[in-house]
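**Q** Listed below, chain by chain, are the residues.
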Amino acid sequence: MEVIKQLIGRLHPLIVHLPIGFITLGLLVQWYARKRQQYAPVVPLIFLWGGFSAVLACITGYLQYLGEGYSFETVKWHLWLGIATALFSFIMFAKLSKTSTIRFLHKVPTALLSVLFFVLISFTGHEGGNITHGDDYLVEPLPNSVKSALGFETFEEKEIVLNDTNWEDALIYEDVIKPILNNKCVSCHNPKKTKGALLLHTPEDIQEGGENGAVILQGNAEKSELFSRMTLPMDDDDHMPPEGKTQPTKEEIKLVGAWIDAGHPFNGTIKTTGLPKELFAAFFPRKVENDYPDMEITEASQDSILTIEKAGIHVDLISKESNFLSVSAINKPTFGDDDFEILLPLKTQIARLDLGGTQVTDIIFEKLGQLPNLTILKLDHTSITGRQIKSLTILEHLKSINLTHTDFEGDYLSDLSDFQSLEKIYLFQSKVAAKEIQTLTNEAIQIDYGNYELPPLASDSIVY
Amino acid sequence: MKDNLERLIREKQVREAQAQTRRHFIKSCAQGMGGLALSSIFMGCDPKPSTNTKSTMAFSERDLNPLATLSPPFSPKVKSVIYLHMAGAPSQLEMFDYKPQLHKYHGQDCPQSLLEGKKFAFIKGTPKLMGPQAEFKQEGESGNWVSNFLPHFKSVIDEVAFLKAVHTDQFNHGPAQLFMHTGSARLGRPSIGAWATYGLGSENQNLPGFVVLTSGGNTPDAGKSVWGSGFLPSVYQGVQCRSEGDPVLYIEDPDGITRNLKKSTIDAINQINKEEYAKYADPEILARINQYEMAYRMQIAVPEVMNINNEPENIKQMYGVEPGKESFANNCLLARKLVEDGVRFVQLFDWGWDTHGNIREGSIDLGLRNKCREIDRPIAALILDLKQRGLLEDTLIVWGGEFGRTPMQENRGNKEMAYKGRDHHGDAFTMWMAGGGIKKGAAHGKTDDIGFSGIEGRVSVHDVHATILHLLGFDHEQFTYAFQGRNFRLTDVEGEVIKEILS
Numbered sequence: 001m002e003v004i005k006q007l008i009g010r011l012h013p014l015i016v017h018l019p020i021g022f023i024t025l026g027l028l029v030q031w032y033a034r035k036r037q038q039y040a041p042v043v044p045l046i047f048l049w050g051g052f053s054a055v056l057a058c059i060t061g062y063l064q065y066l067g068e069g070y071s072f073e074t075v076k077w078h079l080w081l082g083i084a085t086a087l088f089s090f091i092m093f094a095k096l097s098k099t100s101t102i103r104f105l106h107k108v109p110t111a112l113l114s115v116l117f118f119v120l121i122s123f124t125g126h127e128g129g130n131i132t133h134g135d136d137y138l139v140e141p142l143p144n145s146v147k148s149a150l151g152f153e154t155f156e157e158k159e160i161v162l163n164d165t166n167w168e169d170a171l172i173y174e175d176v177i178k179p180i181l182n183n184k185c186v187s188c189h190n191p192k193k194t195k196g197a198l199l200l201h202t203p204e205d206i207q208e209g210g211e212n213g214a215v216i217l218q219g220n221a222e223k224s225e226l227f228s229r230m231t232l233p234m235d236d237d238d239h240m241p242p243e244g245k246t247q248p249t250k251e252e253i254k255l256v257g258a259w260i261d262a263g264h265p266f267n268g269t270i271k272t273t274g275l276p277k278e279l280f281a282a283f284f285p286r287k288v289e290n291d292y293p294d295m296e297i298t299e300a301s302q303d304s305i306l307t308i309e310k311a312g313i314h315v316d317l318i319s320k321e322s323n324f325l326s327v328s329a330i331n332k333p334t335f336g337d338d339d340f341e342i343l344l345p346l347k348t349q350i351a352r353l354d355l356g357g358t359q360v361t362d363i364i365f366e367k368l369g370q371l372p373n374l375t376i377l378k379l380d381h382t383s384i385t386g387r388q389i390k391s392l393t394i395l396e397h398l399k400s401i402n403l404t405h406t407d408f409e410g411d412y413l414s415d416l417s418d419f420q421s422l423e424k425i426y427l428f429q430s431k432v433a434a435k436e437i438q439t440l441t442n443e444a445i446q447i448d449y450g451n452y453e454l455p456p457l458a459s460d461s462i463v464y
Numbered sequence: 465m466k467d468n469l470e471r472l473i474r475e476k477q478v479r480e481a482q483a484q485t486r487r488h489f490i491k492s493c494a495q496g497m498g499g500l501a502l503s504s505i506f507m508g509c510d511p512k513p514s515t516n517t518k519s520t521m522a523f524s525e526r527d528l529n530p531l532a533t534l535s536p537p538f539s540p541k542v543k544s545v546i547y548l549h550m551a552g553a554p555s556q557l558e559m560f561d562y563k564p565q566l567h568k569y570h571g572q573d574c575p576q577s578l579l580e581g582k583k584f585a586f587i588k589g590t591p592k593l594m595g596p597q598a599e600f601k602q603e604g605e606s607g608n609w610v611s612n613f614l615p616h617f618k619s620v621i622d623e624v625a626f627l628k629a630v631h632t633d634q635f636n637h638g639p640a641q642l643f644m645h646t647g648s649a650r651l652g653r654p655s656i657g658a659w660a661t662y663g664l665g666s667e668n669q670n671l672p673g674f675v676v677l678t679s680g681g682n683t684p685d686a687g688k689s690v691w692g693s694g695f696l697p698s699v700y701q702g703v704q705c706r707s708e709g710d711p712v713l714y715i716e717d718p719d720g721i722t723r724n725l726k727k728s729t730i731d732a733i734n735q736i737n738k739e740e741y742a743k744y745a746d747p748e749i750l751a752r753i754n755q756y757e758m759a760y761r762m763q764i765a766v767p768e769v770m771n772i773n774n775e776p777e778n779i780k781q782m783y784g785v786e787p788g789k790e791s792f793a794n795n796c797l798l799a800r801k802l803v804e805d806g807v808r809f810v811q812l813f814d815w816g817w818d819t820h821g822n823i824r825e826g827s828i829d830l831g832l833r834n835k836c837r838e839i840d841r842p843i844a845a846l847i848l849d850l851k852q853r854g855l856l857e858d859t860l861i862v863w864g865g866e867f868g869r870t871p872m873q874e875n876r877g878n879k880e881m882a883y884k885g886r887d888h889h890g891d892a893f894t895m896w897m898a899g900g901g902i903k904k905g906a907a908h909g910k911t912d913d914i915g916f917s918g919i920e921g922r923v924s925v926h927d928v929h930a931t932i933l934h935l936l937g938f939d940h941e942q943f944t945y946a947f948q949g950r951n952f953r954l955t956d957v958e959g960e961v962i963k964e965i966l967s
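Sequence order for the protein chains is Y and C. Under my numbering, the first residue of the first sequence carries the number 1, and numbering increases by one thereafter. Under my numbering, the first residue of the second sequence carries the number 465, and numbering increases by one thereafter.
None of these hints come from the bench; they were simulated from the model. Every residue gets a Cβ at the ideal spot worked out from N, C-alpha and C, and that includes glycine. Please note: incorrect hints may appear among the correct ones.
Stated by the list, open to error - Covered by chain Y, per the in silico footprint, the following chain C stretches (three or more residues, Cβ under 8 Å):
id: 1; region: 482-492
id: 2; region: 534-548
id: 3; region: 666-676
id: 4; region: 849-855
As the list claims (entries may be wrong) - Between beta-carbon pairs, the in silico distance windows are:
id: 5; chain 1: C; residue 1: Asn834; chain 2: Y; residue 2: Lys347; range: 51 to 61 Å
id: 6; chain 1: C; residue 1: Ile764; chain 2: Y; residue 2: Met295; range: 41 to 51 Å
id: 7; chain 1: C; residue 1: Ile733; chain 2: Y; residue 2: Lys245; range: 33 to 43 Å
id: 8; chain 1: C; residue 1: Gly581; chain 2: Y; residue 2: Asn220; range: 17 to 27 Å
id: 9; chain 1: C; residue 1: Glu790; chain 2: Y; residue 2: Asp407; range: 34 to 44 Å
id: 10; chain 1: C; residue 1: Ile733; chain 2: Y; residue 2: Asn442; range: 52 to 62 Å
id: 11; chain 1: Y; residue 1: Gly219; chain 2: C; residue 2: Ser698; range: 46 to 56 Å
Using the sequences and the hints, build the whole thing.
**A** Here it is as structure tokens:
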């Protein structure tokens, strides 16, 4: 008997959807029938079915409450509201059916009842959902700022901030381990939602462990579940965090393991733990050096790209991460100053331009000034002298210019001093004389003059 | 008894013959035909390269022109790779991994604890430890170690990042070379260069995307599979060019065939192919048309780029080239020229590094020194030359062998050898990288006092591959090719990017 009771109880989550469906349908048809009276007679019938199915849901719900060991405190609201819904459904039936004899109901406006009914069923359903999925199920995916604005408790998602100089002084638990656990574990292992009876938000609770006992074995990461569960294969049921949740990175897992191996200290700095720098290097900020400006731009039109490619010029996205383009005339040595116009539809997207080995002359500089995001420019093996190179001063992102094997003259080198972001110029086999390099006074610019030599050594000719 | 058996066999034959009637035959024919038809209907299910964005049609521009350039998923640090492989495995203990303690133990028996459970190619019984046969010095601002076997290397030492504790699980040349270049010690996987050209294409339409150059008198033990395309389309395999004679075999027109005649031949073949395409619409036919045209263009472009005679004298001297011969120096200069012309992947193999001590050429103190001299100047020149042309920031140079060599002197057959030598050793060896995205002057990893095993910063061959792909703009875990029902990666199921040597 007990078994049957429990089994029927477990059908509750299935059966509740019947009254929800009927009542929603009833409300919708009722609304629809305002102007199409021919549908009105069916509404009371739908509410009648809604009422009967709601009674059925109440019975199964009560059995589930008994069978699954929920406390009355937890289910209280859902239980009473469920019963209220069933009653309300019958009331709606009574109010709307033509044969109804209950007088006082006719005095209440139908619209008001309908709105109330809608609120009631929504709220009942929501309370039921909270019982199975937890209070914060619905708000969990929201960003922390919205959550706290709504009055939900949040666990600080602190980023690990380390850098090359201060990493040894950072606190091992507070600055490193705690943020990892907070970001990746605590959303399920906190006082409100304590999966596996495990709490991971304070040192005491971490040491306490969960329903299977301690999660850390002193000094042995491999045998500590806190670590080993993260290293299990994704499809293992014991893998933590469970599939679908944000996973810790390889570096984070490694760090937690090393921390446990070092005796999981909660106090002291990284230095006192003696853990090697390589464990933390992944958390140091990485200066992103790309061949394009650090900004978002619109996508280039496919038609313009295809037109240019048809002319024998390569056009490729530098990477699929951005819309900036790399353009190269490597297969079109006949490319001349006049051909430049064809590139103009892509002028905002071009960040890398290789015109090496083409027919371009000094006229090209003025035209290049129209490419606001140009970052890398290659003009090697051309006959440019640099007379107009001043026109490129307006290019605020230009980082590198290759002028090797050109007729570039030393006289124009000083023009480059005003370039805003220029970092590198290649002058190998240009017309610039070695002593003229000093005319470029901007110290941010590195000049590679080339002409490297490997002087002969006596050992070059010794055969052993 | 025997009669019974024969009767039984005869009965079986008769029954079988009866079972296979004409009706059965026609029935199974029909099924077979149906199957054939079905397979052609479902041809559209053939998985297309996932990296393709230019078109998502049934056959794309990529099918027609398999080397068309593609964008990598992430911002690349380099556009080209030059991989310098010292086939035979150079001794890290005489070149980059300085072990002063090993001097002290010179001549002593190797501790048993190190030998237990280890496999060696030739070492038998208890070998003796052998101290470094070279003198070491810290060079450059980085203060990294290099031996007197490589006197020119100091001029570029601050450009490279060392990996001091690479390890491999192979201890024989063939499998180890396959592992180093394809990520698997067994045959059948694509090489790194094939993956790179498959994923990125190649910029110069007149040159192959993946060129292989060999020197040292022999090709690698693992054969051409180390630059093969495995299960990738064969167009992505390395094209071996020779620095002596015709750069590509059979590329010259035969006697009596003029370039014009060749052109009209190809035009005629392509015309027929186009008609075939109009009939069957098989994209393979278009690919073939394209290949004929590319081969025709290569006839002019390849001999041009492979000719080092037109280089200025000072450049030739810097590399130490010997025009007309097959040499590592020539190949280094060619590598620069190829990268300059937009070739995606250049693979150099230099043979002759297997220094067991059995012959003079294969000795640690004599033969190895000659090999070091042959590569020292060319490598330094290659790095400097790329740098002065502004190409080093777009190119990755990788140097290494297939494994390292033992801290013990080899005692083949448990006897003293004619010369000083070291056996194969995969536990710890040195590789280095230089170029775009590489942290200049870095040294990652450390070996124990005698250089037997890595004790810090151990990296695997898969890690090296992951790093190369990372620099080219790929996530090695996402860069896959579907074959025989599963997605394959260069790094199989392993590999981590070695962030410590990235800038």
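**Q** Within 41 to 51 Å or not, the Cβ separation of isoleucine 764 of chain C and methionine 295 of chain Y?
**A** Holds, since isoleucine 764 of chain C and methionine 295 of chain Y (Cβ atoms, about 43 Å apart) stay within the stated range.
**Q** In this structure, is the beta-carbon distance linking isoleucine 733 of chain C and asparagine 442 of chain Y contained in 52 to 62 Å?
**A** 58 Å, holds
**Q** Can you let me know if the beta-carbon spacing of asparagine 834 of chain C and lysine 347 of chain Y is within 51 to 61 Å?
**A** For asparagine 834 of chain C and lysine 347 of chain Y the Cβ distance comes to about 56 Å; the hint holds.
**Q** Given the hint of 46 to 56 Å, check if glycine 219 of chain Y and serine 698 of chain C actually sit that far apart at their C-beta atoms.
**A** 54 Å, holds
**Q** Using a Cβ cutoff of 8 Å, are there at least 3 residues of the region 666-676 of chain C near chain Y, or does the coverage claim fail?
**A** holds (count 4)
**Q** Assuming the hint says 17 to 27 Å, is it satisfied by the Cβ distance from glycine 581 of chain C to asparagine 220 of chain Y or not?
**A** Given range 17 to 27 Å: holds, Cβ gap about 24 Å.
**Q** Three residues or more, CB to CB closer than 8 Å: is that satisfied between the region 849-855 of chain C and chain Y?
**A** holds (count 5)
**Q** Is it true that glutamate 790 of chain C and aspartate 407 of chain Y lie within 34 to 44 Å of each other by Cβ?
**A** Holds, since glutamate 790 of chain C and aspartate 407 of chain Y (Cβ atoms, about 37 Å apart) stay within the stated range.
**Q** Should the hint that isoleucine 733 of chain C and lysine 245 of chain Y are 33 to 43 Å apart at their CB atoms be regarded as holding?
**A** 59 Å, violated
**Q** Tell me if chain Y covers the region 482-492 of chain C under the three-residue, 8 Å CB rule, please?
**A** violated (count 0)
**Q** Please verify the coverage claim for the region 534-548 of chain C: does it have three or more residues whose C-beta sits within 8 Å of some C-beta in chain Y?
**A** Coverage by chain Y holds for the region 534-548 of chain C (7 residues, Cβ < 8 Å).
Hints 1, 7 from the earlier list are contradicted by this structure; the remaining hints agree with it.
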